[in-house]
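Undergrad: Those protein sequences? They're chains F and X, same order as listed. First residue of the first sequence? That's 54 in the working numbering, and the numbers climb one at a time after it. First residue of the second sequence? That's 54 in the working numbering, and the numbers climb one at a time after it.
Treat the hints as calculated values from the structure; they're not laboratory data. Treat each hint with caution, since some may be false.
Cut-off 27 Å, straight-line C-alpha distance, at most; resulting in silico cross-link-like pairs (BS3-like, lysine-lysine) [stated by the list, open to error]:
#1 K92(F) with K116(X)
#2 K79(X) with K79(F)
#3 K138(F) with K79(X)
#4 K116(F) with K116(X)
#5 K82(X) with K82(F)
#6 K92(F) with K90(X)
#7 K90(X) with K82(F)
#8 K87(F) with K116(X)
2 protein chains.
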Amino acid sequence: MSESSNINKATNITWKATNITWHGMKVDKQVRAKANKQKPCVLWLTGLSGCGKSTLADALEIKLQEMGHRTYLLDGDNVRHGLSKDLSFSDEDRVENIRRVAEVARLMVDAGLIVITSFISPFRAERQLARSLMEPDEFFEIFVDTPLEVCEQRDPKGLYKMARAGKIKHFTGIDSDYELPENAQMVINGADSEPDVLADQVIAFLRQQVVLNADD
Amino acid sequence: MSESSNINKATNITWKATNITWHGMKVDKQVRAKANKQKPCVLWLTGLSGCGKSTLADALEIKLQEMGHRTYLLDGDNVRHGLSKDLSFSDEDRVENIRRVAEVARLMVDAGLIVITSFISPFRAERQLARSLMEPDEFFEIFVDTPLEVCEQRDPKGLYKMARAGKIKHFTGIDSDYELPENAQMVINGADSEPDVLADQVIAFLRQQVVLNADD
Numbered sequence: 054m055s056e057s058s059n060i061n062k063a064t065n066i067t068w069k070a071t072n073i074t075w076h077g078m079k080v081d082k083q084v085r086a087k088a089n090k091q092k093p094c095v096l097w098l099t100g101l102s103g104c105g106k107s108t109l110a111d112a113l114e115i116k117l118q119e120m121g122h123r124t125y126l127l128d129g130d131n132v133r134h135g136l137s138k139d140l141s142f143s144d145e146d147r148v149e150n151i152r153r154v155a156e157v158a159r160l161m162v163d164a165g166l167i168v169i170t171s172f173i174s175p176f177r178a179e180r181q182l183a184r185s186l187m188e189p190d191e192f193f194e195i196f197v198d199t200p201l202e203v204c205e206q207r208d209p210k211g212l213y214k215m216a217r218a219g220k221i222k223h224f225t226g227i228d229s230d231y232e233l234p235e236n237a238q239m240v241i242n243g244a245d246s247e248p249d250v251l252a253d254q255v256i257a258f259l260r261q262q263v264v265l266n267a268d269d
Numbered sequence: 054m055s056e057s058s059n060i061n062k063a064t065n066i067t068w069k070a071t072n073i074t075w076h077g078m079k080v081d082k083q084v085r086a087k088a089n090k091q092k093p094c095v096l097w098l099t100g101l102s103g104c105g106k107s108t109l110a111d112a113l114e115i116k117l118q119e120m121g122h123r124t125y126l127l128d129g130d131n132v133r134h135g136l137s138k139d140l141s142f143s144d145e146d147r148v149e150n151i152r153r154v155a156e157v158a159r160l161m162v163d164a165g166l167i168v169i170t171s172f173i174s175p176f177r178a179e180r181q182l183a184r185s186l187m188e189p190d191e192f193f194e195i196f197v198d199t200p201l202e203v204c205e206q207r208d209p210k211g212l213y214k215m216a217r218a219g220k221i222k223h224f225t226g227i228d229s230d231y232e233l234p235e236n237a238q239m240v241i242n243g244a245d246s247e248p249d250v251l252a253d254q255v256i257a258f259l260r261q262q263v264v265l266n267a268d269d
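Sequences and hints are given; from them, build the entire structure.
TA: Okay, here's the thing in structure tokens:
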């Protein structure tokens, strides 16, 4: 049988998910966290396009790496080229994109990493979904609160201009809602300070939360 | 506007993927690999249900962790509870499951980890897809070659019995093909040796491939 016919042939009977048992791994999150000398967690950045999420994420990751931490940055743009390349930008597919990202973040936390995510993630329900996958002390929602006018003035990718001209539809802040965070652990003012300064604020916050040691 | 109406409302216009630019990250794979003192890669285990993939993966991960390496084990059963919980076991969905796993493995390699994957992955095309996402020297297909009769005799989850009784349809080796690897970098005889011995064989192989240092 050829590969293609094997893979594409119609299937109407499947074995059920109930057959699955959770595989008890011998090397677990605690072992990996200890090896990395850190508390694995997700720093979930949320905010409008142009609010400064990505530049803050970059600055934060550089500082954490310099401090010897093991990190990874999951970025909306990057994930869209791979894991979520089958998804559109409809509301439904945007939620599925965030679900997959949150599941990957969960696996990476399990792998012992400090994961920074940088997604607009405009809906409370999707941020709540992401939070629900992690332990309570492993998930930090960080709202990068930059006024729409400032984001639109920056417009680093020219997307606001296109949205205003009607060339992009369904753009957050223009013709799609951004639901303000009600449960953010931290609110960053993204308008006034340089990314380096904002990153230092996050690191101070992580020390308070005992994610990082005081002498880190 | 309520959350649910916002998330679920019908959308017929989306902005296009062509707006996406690859976000140039400042902390890259080389930086993370150097911090972890290892060459990130994927060890892609393939073979029949019961061939010994999971026990080998466990033994291998324990040894690599003890050697000081940063690893993660992606397991078919585990991924099915999270990232792929929306997927069935149809041929089409099984391929999509493997695609997602391969994309996650790619991200984890980018994060500097040695990733062990443990999936039946019966189709050449899906193994080729996984391989295609990685650099040539980052992907090692390891065929755990255990005769069907041995796997069926072990039958650790009782699945072969159910498949023979017709209670599970579309089961690899019974009424669904396992396409023998033609490009495996390593073939393991899973029938005769203990997992520890097999893990040592893989580690010797990784030293040959310069994934691990000779003095590791």
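Undergrad: Take the hints in turn and mark each one as holding or not.
TA: Hint check:
Proposed proximity of K92(F) and K116(X) is supported: the alpha carbons are some 23 Å apart, at most 27 Å. With a C-alpha separation of about 34 Å, the suggested pairing of K79(X) with K79(F) is violated against the 27 Å cut-off. At most 27 Å may separate the alpha-carbon atoms for a hinted pair to count; K138(F) and K79(X) meet this at roughly 23 Å. Proposed proximity of K116(F) and K116(X) is contradicted: the alpha carbons are some 31 Å apart, above 27 Å.
Between the alpha carbons of K82(X) and K82(F) the distance comes to roughly 22 Å, so the proposed pair stays at or under 27 Å and holds. Only pairs whose Cα atoms come within 27 Å are accepted, and K92(F) paired with K90(X) is accepted, the gap being roughly 20 Å. A distance of roughly 20 Å separates the Cα atoms of K90(X) and K82(F); the hinted pair therefore holds under the 27 Å criterion. Pair hint K87(F) plus K116(X) holds up; C-alpha atoms about 16 Å apart against a cutoff of 27 Å.
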